[in-house]
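*Asks:* Put together the whole structure using the sequences plus the hints.
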Amino acid sequence: MGKRFRRVEDEADKWLREHDPYYTSKNGHKRKGKNNAYITPRQEESISRVEIPFSQLSKRDMIQLKGVLGVFDEDGEFSL
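The sequence shown begins at 1 in the numbering used here and counts up by one.
Some hints could be false.
Between beta-carbon pairs, the in silico distance windows are [unchecked claim]:
hint, residue 1, residue 2, range
1, VAL68, GLU18, 36 to 46 Å
2, VAL68, GLU11, 31 to 41 Å
3, PRO21, GLU45, 17 to 27 Å
To be clear, the hints were calculated from the coordinates, so they are not data collected in a lab.
None of these values were measured; they are calculated from a predicted model.
Even for Gly, the Cβ is constructed at its ideal location relative to N, Cα and C.
*Replies:* Here is the structure:
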């Protein structure tokens with residue numbers, strides 16, 4: 001498995017770090033804590049380690065997802 005890199009903090013991250021105590025909180029459940037929660041660079045890195053992009057799924061995997069997430073069109077293309 002290839003090494004993944006944490007994204008560089010942008011201006012929004014810097015502003016949040018300075019002005020929002022929730023952003024710098026060590027609480028590990030930031031995505032669950034608010035209706036419109038945001039994801040920190042560290043959380044984004046963790047998520048990218050466990051999530052599989054749709055482009056990496058096999059046809060068999062897409063068929064298994066058909067009933068859960070989406071459908072196939074007339075040309076056999078998968079869509080959400």
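*Asks:* Between VAL68 and GLU11, is the Cβ distance one that fits in 31 to 41 Å?
*Replies:* 37 Å, holds
*Asks:* If I claimed the Cβ atoms of VAL68 and GLU18 lie 36 to 46 Å apart, would that claim hold in this structure?
*Replies:* Holds, at about 41 Å.
*Asks:* Is the gap between the beta carbons of PRO21 and GLU45 within 17 to 27 Å?
*Replies:* With a Cβ separation near 22 Å, PRO21 and GLU45 satisfy 17 to 27 Å, so the hint holds.
Hint check: no violations occur; every hint is consistent with the structure.
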